[in-house]
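Sequences are here, hints too, so could you generate the full structure?
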Amino acid sequence: MNPQTTQVDDLRLVALPTAVNCADMFVRFALTEWSLRQLQDETSHVACELVHAVVQRSDTKVPGFITLRLRLHGDCLVVEVEDAAATPPVVPDTLTGRQAGAVALPDGGNLVWCEVALPTGMSAKAVPLPRRERRKPPASAGGEPDQADVDDEFFERLLSKLSRSPEPPPNGDPRGLM
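Sequential numbering of the sequence shown, starting at 645, is according to the working numbering.
Simulated from the structure, these hints should not be mistaken for laboratory data.
Owing to the predicted nature of the structure, the values given are computational and were not obtained by experimental measurement.
Wrong hints could be hidden among the right ones.
Computed spacing ranges between beta-carbons, pair by pair [to be verified]:
#1 Q682 - E797: 38 to 44 Å
#2 R801 - Q700: 43 to 49 Å
#3 M766 - R801: 41 to 47 Å
#4 D751 - L660: 21 to 27 Å
#5 L749 - F798: 28 to 34 Å
#6 D796 - L749: 37 to 43 Å
#7 G708 - D737: 19 to 25 Å
#8 R672 - T740: 23 to 29 Å
#9 R681 - L660: 38 to 44 Å
#10 D796 - V706: 20 to 26 Å
#11 R681 - K705: 36 to 42 Å
#12 R801 - R681: 37 to 43 Å
#13 A728 - F798: 33 to 39 Å
#14 T662 - L803: 27 to 33 Å
Where a beta carbon is used, it is the ideal one built from N, C-alpha and C, also for glycine.
As structure tokens, then:
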């Protein structure tokens, strides 16, 4: 992360036409979290154009992954789309006149980007970090009192089980039915 970058959020997508709609939802959610709702329409347009251009160049029979990234940097919001394609990167014609670019990455793949200016007088450092508060679980139908916190030990056990390598099925049955 560049030292002038104060916040980053990204989403990994499959390079299919549905990625454009996902990009729109991701941008709108992230900018709501960053208290930048006034930039949602413009940034969503830019992100959708970049994602659409990458999807258009990708192989629909064997789609790869793309990463959509939002980065607050200096006095702008940078929208980046990274892919692993061997074809040269291209900035969409629909973004002509904007601060944008495309580069081939040294380890393979491409990065296309476009800047969206922050509101006048605002810098990336002035954008508040999103705050997420702990939520109480919903009240049960049995009328039991609400718990104040979620059981952290439960989540530790769950994560431990999820990170374990799978055990072979009993009796050699690949479906684990015996």
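Against the structure, the hints:
1. Look at Q682 against E797: about 42 Å separates their beta carbons, and that is inside 38 to 44 Å.
2. Separation of R801 from Q700 is about 45 Å and conforms to the stated range, judged on CB atoms against 43 to 49 Å.
3. Here the CB-CB span from M766 to R801 is close to 44 Å, well matched to the stated 41 to 47 Å.
4. For the pair D751 and L660, the supplied restraint of 21 to 27 Å holds, since their beta-carbon distance comes to about 24 Å.
5. Between L749 and F798 the C-beta distance comes to about 41 Å, which lies outside the given range of 28 to 34 Å.
6. In this structure the hint that D796 and L749 lie 37 to 43 Å apart at CB holds, the actual value being about 40 Å.
7. At about 23 Å, the CB distance of G708 to D737 agrees with the hint of 19 to 25 Å.
8. In this structure the hint that R672 and T740 lie 23 to 29 Å apart at CB holds, the actual value being about 24 Å.
9. Between R681 and L660 the beta carbons are some 28 Å apart, a value that contradicts the proposed interval 38 to 44 Å.
10. Take D796 and V706: their Cβ atoms lie about 42 Å apart, and the range 20 to 26 Å is violated.
11. Look at R681 against K705: about 39 Å separates their beta carbons, and that is inside 36 to 42 Å.
12. Checked against the hint of 37 to 43 Å, the C-beta distance between R801 and R681 comes to roughly 39 Å, which is consistent with it.
13. Checking the proposed 33 to 39 Å range against A728 and F798 shows it holds: the Cβ atoms sit about 38 Å from each other.
14. Under the hint 27 to 33 Å, the C-beta atoms of T662 and L803, about 30 Å apart, fit the expected range.
Taken one by one, the earlier hints fail for this structure at numbers 5, 9, 10, listed in ascending order.
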